[in-house]
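K.L.:
Listed here are the chains, written in short residue letters.
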Amino acid sequence: MRILIVEDDALIALDIAWLLQDLGHEVCAEAADAFTGLEAAEQTKPDMAVIDIRLARNTDGGKLARTLYCRLGVRSLFVSGSITEAFRKDMAAIEPLGFLAKPISRRHLDEALRGAAA
Amino acid sequence: MDEGEVEGLRGRDRQAARERAFRLLAATVAALFGAFAILGGLLVWYDNATGMVLHTREVREGISDVHQALSEAEAAHRLYLLTRTPVALGQLNDADQRARRRVTEVEFLTRDNPSQQRGAQALSDLTRQRLALLERGVGLAHEGRGEDALALVRSGQGTAVMRAVREQIAVLDGVEAHLEAERRARAATLRLVGALALLVFAVALGWLFIKALRDINVDREVEAETAERLRGLLQQRTLLLAEVNHRVKNSLQQIASVVRMQSRTTDDPVVASALDKTLGRIVAVGRVHEQIYGNAGKVGDFDAGSYAAGLARELVDSMGREDITLETDVEPLVLDMAQAAPLALIMNELITNALKYGCPPDRPCRLRISLRTVGDHHRLSISDEGDGVPAGFSMASKTSLGMRVVDALSRQLGGSLSVENNAVGATFLVEFPRSVA
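Chains as they are written, first to last, in my numbering: chain A, 256 to 373; chain B, 1105 to 1541.
Just so you know, these hints were derived from the structure itself, not from any lab. All values derive from a computational prediction rather than experimental measurement. Warning: the hint list may mix true and false statements.
Among chain A residues calculated to face chain B with C-beta under 8 Å, some are [to be verified]:
hint : residue
1    : I267
2    : Q298
3    : D302
4    : G336
5    : I359
Where a beta carbon is used, it is the ideal one built from N, C-alpha and C, also for glycine.
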């Protein structure tokens, strides 16, 4: 799958990119905030997005995921240190691919992506 | 302004409001008692004053009655002298008795006033003198000495006494009339004072009532403000906790990411394996954190049972082997935060160890994990079906880092680690006391 990564921490973004490549996926773009994330998505048309909830420049991963879903039909897999029940309920309408709590393990990421590809 | 200061200030405000309300209540009660005492006193005084007025009136009526009775007695006396009719005698007798009775009454009523008492005595003497003269006239007439009786009347003695009686009555009545006017004025003043006191009392009571209502309102406002502050502080604290929680997990993720990338870039399989183990430990600690703080509703409890089952399943699955059977026998075991992380790391080490050494790749294996409470101890046991520990294996040797870590953490929990060989494989056992908290 062609995957967009939106994560404000460069090291974590690098790690996720590497993990995704190891798992046989293609990282089509990386972004640190919601604006560049949306631009990248419009340019590269990914199959899905891996999104952190709190992003750089004080932007919101949840809103970005909503926009991606509504404009481009791109579904998201959330990776965050703060996933609340309220957030899960909020996002239910845009069919998220999953919610992974940091620190993520390779196995959990793999399982979530298998679910997405199926 | 920090939390303590804010709470202190609110506390002082409330305390002050309560003290004010209490003082107001005490003042109201005292004022009520005072007002009732004053009104009671006024009432007694007024009653006394009106009594005095009545008393004066009685004296005046008595005096006037004495005069009237004497006049009637004179009239009856004259009638008798002229007609000798017994009816006149009866009338004289009645008037005589009435005059004596009334003058005695006046004497009695004026006993509280020495000068009037003297006047009343004089009046009494004069009355008796006049009546004695009348009796003498009747007596003479009765004896047939009509001329003598008329001569007695003509002598003017009776008229003189009667004049003296009138003068005495005028003096007495003048003094009593003056007293009556004085006492009426006093009663009227008291009536006015009473009415004014009642008015003041009503106004004061109304003022106290309004003030009490206002104070209650102030108290309520302070309370509402305090509640608002507390809600704010709680919200702040919740936000802070969520923020710290987020940071901790992000930091763990950063470390995990770096370690994972290091592992990936090393050419040495031994180093890669060591780094992967470290990664496993970091993730294990992250899971504990997730379980403790992830649930916003209830922070602080850690269910070791479900954690153990979840971790074991995860680690077994990560082996990618279909021939390892996992058996878990755990009960819900709520530990406090201080016990959670050490136990999680112990479980991570022992399960990883069992999968590495206790499940030889050449045959199917069974891994048994049990976490239960026995008496006042928790007991974690992990059994594998490997080749068992070597004959010379001892905790004291502490050759592997994993075993040293488990041994150290077991002691941190106040417990101990032991290992024994079964018919097939080995069992690692960690026992530690239940939390005293």
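K.L.:
Each hint needs a verdict: does it hold in this structure or not?
P.N.:
Comparing the hints with the structure gives:
Annotation: interface hint on A/I267 holds; nearest CB of chain B at approximately 5 Å, less than 8 Å. Given the 8 Å rule on beta carbons, the hint for A/Q298 is violated: about 26 Å separates it from the nearest Cβ of chain B. Given hint, A/D302 at the interface with chain B, is violated; its Cβ is 23 Å from that chain's nearest Cβ, farther than 8 Å. Proximity of A/G336 to chain B holds as hinted, the smallest CB-CB distance being about 3 Å (cut-off 8 Å).
Satisfaction of the interface hint for A/I359 is found here, the shortest Cβ-Cβ separation to chain B being roughly 7 Å, below the 8 Å cut-off.
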